Amino acid sequence: MKRFFLTASVLVLAFTGSAWAKDSLTIGIQLEPPHLDPTSAAAGAIDDVTYANVFEGLTRFQEDGSIVPSLAESWTISDDGLTYTFKLHDGVTFHDGTTMDAEDVKFSLDRARGDDSTNAQKGLFSGIAEVNVIDPTTVEVKLSETDGNFLFNMAWGDAAIVAPESIENIKTNPIGTGAFKFSKWVQGDRVELVRNDAYWGQPADLKAATFKFISDPTAAFSAMMAGDLDAFSAFPAPENLIQFEADDRYRVLIGSTEGETILSTNNKKPPFDNVKVRKALAHAINRKELIDGAQFGYGTPIGSHFAPHHPAYVDLTGNSQYDPELAKSLLKEAGLEGGVTVSLKLPPPSYARRGGEIIAAQLRAVGINTEISNLEWAQWLEEVFRGKDFNLTIVSHTEPMDIGIYANPDYYFQYDNADFQARIKELRATTDTDKRNELLKKAQTMISEDYVNGFLFQLPRLSVAKKEIEGLWVNAPTQAVDLTHVRWAE
Amino acid sequence: MTRSQRWNWSLVIGLALVSVFAIGALISLFWTPHDVTAINIASRLKLPGQGYVLGTDHYGRDMLSMIMAGAQTSIAVAILAVGIGMALGVPLGLAAAAGRGWLDELIMRGNDLAFAFPALVIAILITAVFGASAVNAIIAIGIFNIPVFARLTRGAALSLWTRDFILAARVAGKGKVRISAEHILPNIANLLIVQGTIQFSLGILAEAGLSYVGLGAQPPTPSWGRMLADSQTLVGLAPHLALVPGLAIILTVLGLNLLGDGLRDLLDPKLRAVRS
Amino acid sequence: MISYLTKRLASLVLSLFVASAVIFLVIEVIPGDPAAYMLGMNARPDTIAALRTELGLDGSVFERYVGWVTGMLQGDFGVSYTYRTPVATMVADRLWISLPLALYALFLTVVIAFPAGIFAASRRGQAGDYGVIGATQIGIAIPNFWFAMILILVFAINMRWFSAGGFPGWENGFLQGLKALTLPAVALALPQAAILTRVMRSSLIDVLGEDFMRTARAKGLSTQQAIFRHGLRNALIPVLTIIGLQFAFLLAGGIIIEQVFALPGLGRLVFQSISQRDLVVVESVVMLLVFAVIMTNFLVDLAYALVDPRLRVRA
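Residue numbers (my numbering), protein chains in the order written: chain A, 58 to 547; chain B, 855 to 1130; chain C, 236 to 550.
Some clues are possibly wrong.
[As the list claims (entries may be wrong)] As a list, the in silico DSS-like pairs of lysine-lysine whose alpha-carbon atoms are at most 30 Å apart: (1) 414/C <-> 523/A; (2) 523/A <-> 79/A; (3) 326/A <-> 385/A; (4) 524/A <-> 414/C; (5) 242/C <-> 241/A; (6) 1030/B <-> 345/A; (7) 445/A <-> 492/A; (8) 264/A <-> 414/C; (9) 1030/B <-> 242/C; (10) 242/C <-> 79/A; (11) 179/A <-> 445/A; (12) 199/A <-> 179/A.
Hint data in this document are derived by calculation from the structure and do not stem from the laboratory.
Quantities reported herein were computed from a predicted structural model and do not represent experimental measurements.
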């Protein structure tokens, strides 16, 4: 009975509710986070909800991909590049009222790199030798070797600063320092955040924000159209964007991500252990048709494993122009003129499933037959990523600046080139920007000319929002839906 | 009464519908209007009539060709699933009826247990273990046909065991296995054919459902259920993507159900197949 | 009666035990490590090992099976790997959607099937009867997920009367919740209504042929009057059996429909948990569904035995 009265009163509220609509926002995202601790799972949806909104790190990403101070006000780097001394903002408190100080930073970093750490990006912290508290607002981090990426690493959601006082229930009740406080989670449906009025920096414009999880693209489309949602970050079905663009209530935001979508190729398994066959593969792919067919035209072609919006980017698509005749003759040279059958294992995202069907048709035209199998992520990780039991797969590598994976010969596509590995080692030890860019250009060219993988396109970030909404991130330099500067235009 | 004098409309319409799809499936083995797997982005999402009888899908593939080839997948999966159900279920049912006692008890309890499992969940689990493929869809659907046929066979066989001609055979010294094979089975064949038709139609629906959630035949093998799944986000732009495969499923299942009804009237008007 | 009851009870316990073993074994052999799934592509082996320990995945299969069963007997269904919340709470939350959905669909089924079945039976062999039979033939042939897509296309995307998916939660108003469940319930109900209409019709026709109905009509009642005064009650037994079966189906069979409408119900939980390899959740939910069906069968058998003593021998 009590429930009924409650429902009735909420119903009344719902009718009067429109008055405060302009300082709250309901935003859709596709996947529901499994829990809300960004420091112990890989699920990107956790960062969507919590990055910058609930949790903050020492440094942070800006929308253009640059790294700026966050909880650390400033820092100094010793001449040998091994010691970073961070000066923390004074008077920062967690949402439960406890203060954030150097002890919390030490706790967070030690927890992430410890033996029983379950941090999905433990590698980010592997260069740390020790963390020392100098005083409550000063913390010193010693590295075991120079790392040009250290400040960048500390900006990841996985490097969020958490407190020992609230760590136990962090998964269901996340306590951070951000401009929004966690308020409520209705599992299977939404997470609600409210403004943190005690925020140390510039407070958020929105009083409340709701993340709604809608995995089905059709449901997402109609929820937007019906006005149930104010925005949808990373809209899952590019084919529906035409309809949003035609509707003057909405704006379509087309931005970049760090996701290089590649036709990953097992370099150790015949027939693709032969560079000629890999080259044939590259020339057999028609990127334009692929992007049109799988992405409805949204996506930038790439010729190497590197994001086109980065200053060090080199356009290498010329190395793998669509040329089926060349592909055929290369296959012939490799002794495969009779055709060859390979496996193509596809994870769930639509770019992979759709792209897979199109690529299969393109490869068939030059004599490479594919056996497609659609896998779930858990299977994909076990079979393809860890088991290396595949010829081809399609996946978007969404980590920023991840060309270093090509230097690991055990990585699932198993590219083993000592020259390349030496370059990356050099890069890690380099902190000078110009020199780094030069090395990055060389690295891109090397993997492009070795035809390590089929380089397809840079995954776009496609969002939809009501026209009056300002301050929403268009680009996605990291997995995040930063709402701290979002507001409704008058 | 009046029915037997009339045309057996169920049989005629059912046979006609089923024939259309069966013939389409057969033809697709040798020929389709267009290459089923050829992708042609330039001519995608064409409505029916614009150069293609049933239009094209989001990759520019010919819908008619895909429906024909998809019929092949649906029919093959459903027939094999019914085959598994009959091949295992009928002997179990015969054994239960002939053996009675603990054997009967064991088989029937096993049956009840199998019925207790939510079919779709088990099908999902099976494909999660062995991977999604047409073969695993056949197995997943086939498993649930086993208890259906076992129960039906047992029921019909039990009533036959009390009949005089069976008693005569026993007196003549025939063993239970021989009696089951020579006397019981031929007498329940009609019943099995009718139930087989119904399970066939349920199999078509089940295959469509599994493919719809991505657990049936894998691309590029066309399948009606997957065509529907692919159409989901495009339905507002091109409704024929959902309508064409949907109607194909409905007409096939309708045809099979009518065929089952018609066969029942034809073979034995008193016969009532068990619908599960 | 006592010996029947003990025998039936023993077989119930045995069934549940066998079911639990089958479920556990099938789910255990699903390839894919939950810990590896949760930590993604950049995880290091030591991190995965640490998480496996944290999740209690270190023990042998037998140990974990025993742990699972004894836990369930004490009402403890374990803790979800991914959500880290008790499975029992998760299931309870989801039941608040799946149960009303199943009831709503069952209600629609009955509301359609009863009048249609009575109408057809009372006009047996006439045009109206053939019309109903034809409609049910088509209804049975329609895949419910396809019907769901068409409903979304027409009523959500074109007319915008309903939202195409999602659930606002009961706390936002009973009517809002009901509205969100309407299209899914209709999609689920249509094929079931077609089946039930046919059962209703044939059951009534059987009853109409019996002596007491002939007597009723001989007294001067019309067919329809005879149906409503005497026939309906007697025709209900097979109908109720089918309704019972349908309810079990609707509870578990909503998986695809819940998927189409993005409803956070039990079926969707199973589907999602399988893909996330949240095996404890899958095991417990499947066991729950199987338990529900087995218990229903048991109760139905008991009811029959009470009504008809002859049946006790059979079991």
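(request) Starting from residue 1030/B, check that the Cα of residue 242/C is at most 30 Å away, please. (result) holds (28 Å)
*Does residue 241/A lie within 30 Å of residue 242/C when you go C-alpha to C-alpha?*
violated (50 Å)
Between the alpha carbons of residue 199/A and residue 179/A, is the straight-line distance 30 Å or under? holds (17 Å)
(Q) Does residue 414/C sit within 30 Å of residue 264/A, going by the straight-line distance between their CA atoms? (A) Satisfied, since the Cα-Cα distance of roughly 29 Å is no more than 30 Å.
Quiz item: Would the pair residue 326/A and residue 385/A pass a check requiring their Cα atoms to be no farther apart than 30 Å?
Solution: Holds, at about 20 Å.
Inset, instruction - Could you grab the alpha-carbon distance between residue 445/A and residue 492/A and see if it respects the 30 Å cut-off? - result: violated (35 Å)
- Message: Need the status of pair residue 524/A, residue 414/C: alpha-carbon distance at most 30 Å?
- Response: With a Cα-Cα distance of about 28 Å, the restraint between residue 524/A and residue 414/C holds, given a limit of 30 Å.
| message | Given the hinted pair residue 523/A and residue 79/A, is their Cα-Cα distance within 30 Å? | response | holds (12 Å)
Residue 414/C and residue 523/A: Cα distance at most 30 Å? holds (25 Å)
Compare the distance between the alpha carbons of residue 242/C and residue 79/A with 30 Å, and conclude whether the hinted pair is satisfied.
Roughly 66 Å between the alpha carbons, so the hint for residue 242/C and residue 79/A is violated.
Q | Hint consistency between residue 179/A and residue 445/A [alpha-carbon to alpha-carbon, up to 30 Å] | A | holds (22 Å)
CA of residue 1030/B to CA of residue 345/A, is that 30 Å or under? violated (69 Å)
Checked against the numbered hints given earlier, the structure breaks hints 5, 6, 7, 10 and satisfies all the rest.
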